[in-house]
Amino acid sequence: MNSNLGPNSASMREPPVDILDTYRQEAGLSHGELWLRYFEFGGMSTAFELEAYLYGVLAPSTYDHDLIAHALNERFVELGGNHPVAYSEAIRAK
Amino acid sequence: MTTDSWPQFGVTTNFEGTEAVVALHGSVEHQGAFTLGATLDAAIDRHPASIVLDVSELDSIGPTGMMAIANAERRLAQMDTTLTIRSPSDLVNRLLGMMEMAEMSRLLDRVAAENEHVEKHEAKALPLMGAPSGQDGPSEDFRRVTAMPSDPDVIDGALRLIVELARALVEGADGVSVSLLRHGRLSTVAASDQTIMDMDTDQYKTGEGPCVDASIQGQRFHAPALAGETRWPAFTPQALGLGINAILSSPLKALDQPVGALNIYSRTPLAFTTKDQAAAAVFAKKASVILSDAGAGVSDTQMAFRYQEALLSRRTITLATGILMEREGVDEEAAFSDLLRLSLYHGEPLRQQAQTMIQSARELELGPEFGLDA
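Here the protein sequences line up with chains Y and R, keeping their order. Mapping of the first sequence onto numbering that gives the first Met the number 0: position 2 corresponds to residue 1, and the numbering continues sequentially without gaps. Mapping of the second sequence onto numbering that gives the first Met the number 0: position 321 corresponds to residue 320, and the numbering continues sequentially without gaps.
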């Protein structure tokens with residue numbers, strides 16, 4: 000796993016703990032549909048755990064974070080948007 | 000029908016020729032998911048030509064249940080056997096399960112207790128109403144997505160059932176209706192009688208009234224005594240003319256957006272007690288749950304299709320990840336990162352990227368087991 004810092008890390012401020020859930024709401028996805036999309040990508044966490052990640056109660060692994068970020072981003076793309084949810088360094092580094 | 004055993008989980012397997020039909024009943028969560036997994040494994044061990052998963056009596060399925068199905072899918076794919084999902088579900092039964100009277104009265108008592116003090120702040124909505132998904136623990140949102148279908152006719156049927164139940168259980172109620180915004184216009188989709196229908200229509204025509212305001216503003220509007228009401232000058236005289244003296248309109252929301260109202264009418268001024276108001280909030284919430292699913296577009300057959308699609312996507316992506324693992328000699332997470340980067344680089348959805356990868360692997364003749372019946 001590469002530990003190079005991505006270009007955005009210097010400018011990153013501390014986001015609210017439930018930032019992922021805020022994105023979920025903006026994307027108009029129910030928790031269930033987001034979980035299903037996460038599941039499609041191969042996610043192994045339960046819907047409970049997923050919600051805990053979204054609300055910032057549990058910290059997702061890098062892998063889980065990227066799955067969630069991508070599930071949300073694909074939704075934003077479907078809605079004609081961009082990829083607002085940041086991926087982990089592992090994705091951004093290369 | 001075994002509605003009384005709700006929401007216990009049960010599973011039965013029938014072999015019809017070379018086809019195994021695995022029927023699920025109740026709610027598949029936790030323990031039930033293990034049973035489901037074991038049952039599917041046992042069915043697969045008998046090498047049927049195909050497996051049909053009948054979810055028509057399924058109340059809800061959770062992630063562990065989905066995992067069990069995903070694992071069975073994976074096994075079946077290796078054996079070139081198909082898994083299809085059959086789902087002609089019975090909404091009314093489900094709703095009755097959902098609305099089970101014991102649960103209902105318990106809920107009402109609790110809500111009434113919680114709202115004793117809210118009563119003083121008349122302007123505020125009841126806590127349950129503003130936050131359809133916030134108060135009931137994290138699992139509920141998932142449960143409803145998977146549990147509830149939303150064919151328009153079926154929705155209307157469900158809303159009619161809510162109207163019936165609200166009329167029976169809200170003591171001050173002489174009539175109940177549900178108005179919905181469809182194609183930008185309000186209309187009544189369920190009403191307990193013609194007078195109530197007329198009441199709603201009067202509000203749509205005058206463009207005012209508690210039903211209109213609740214539907215548009217997404218807040219509760221309570222007119223305890225119409226005789227002294229000043230908010231709706233055009234509509235109020237018409238209501239009084241039809242013998243209505245109190246109205247309670249609770250907002251209905253789909254995915255947090257106001258989409259209509261549950262309207263309760265009474266001939267008696269000051270008819271609606273705290274408990275009635277709490278009950279109205281509960282029914283409005285139930286209706287909102289149904290409508291949220293409608294908003295999410297999860298219909299009965301669509302639901303089955305969505306499951307299948309999710310399982311297929313997962314299979315595709317897992318397969319592509321596996322190819323990358325082998326090719327790059329990396330672990331699953333690193334392989335997934337690679338796949339994700341490729342998807343971002345090409346601006347293609349992950350599933351499509353995975354399909355491309357499988358296709359090219361197949362062309363490189365990595366083996367027929369990589370074939371995918373897309």
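Quick caveat, the hints were computed from the structure, so don't treat them as lab data. It is possible that some hints are incorrect.
As the list claims (entries may be wrong) - Calculated Cβ distances over 10 Å to all of chain Y for the following chain R residues:
no. : residue
1   : 12
2   : 55
3   : 69
4   : 218
5   : 309
To be verified - Quick list of simulated restraints, FRET-style, between CB atoms:
no. : chain 1 : residue 1 : chain 2 : residue 2 : range
6   : Y       : 16        : R       : 230       : 37 to 45 Å
7   : R       : 331       : Y       : 78        : 57 to 65 Å
8   : Y       : 14        : R       : 73        : 34 to 42 Å
Unchecked claim - Stretch by stretch, here's where chain Y covers chain R in the computed footprint (C-beta under 8 Å, at least three residues):
no. : segment
9   : 31 to 40
10  : 225 to 239
From the three backbone atoms N, C-alpha and C, an ideal C-beta is built for every residue, glycine too.
Evaluation of the provided hints:
A cut-off of 10 Å between C-beta atoms confirms that residue 12/R is not in contact with chain Y; the least separation is 25 Å. With a least beta-carbon separation of about 20 Å from chain Y, residue 55/R lies farther than 10 Å from that chain, consistent with its non-interface assignment. Distance check for residue 69/R against chain Y: the nearest CB is about 8 Å away, which does not clear 10 Å, and the non-interface claim fails. Every CB of chain Y lies more than 10 Å from the CB of residue 218/R, the least distance being 20 Å, so the non-interface label holds.
Distance to chain Y contradicts residue 309/R as a non-interface residue, since its nearest Cβ pair spans about 5 Å, not more than 10 Å. The hinted range of 37 to 45 Å is satisfied by residue 16/Y and residue 230/R, whose Cβ atoms lie roughly 41 Å apart. In this structure the hint that residue 331/R and residue 78/Y lie 57 to 65 Å apart at CB is violated, the actual value being about 30 Å. Between residue 14/Y and residue 73/R the beta carbon distance is about 36 Å. The supplied range of 34 to 42 Å therefore holds.
Check result for the segment 31 to 40 of chain R against chain Y: violated, 0 residues qualifying (beta carbon to beta carbon below 8 Å, three or more required). With 0 residues bearing a CB less than 8 Å from a CB of chain Y, the segment 225 to 239 of chain R misses the requirement of three and the coverage assertion fails.
Going through the hint list in order, the structure does not satisfy hints 3, 5, 7, 9, 10.
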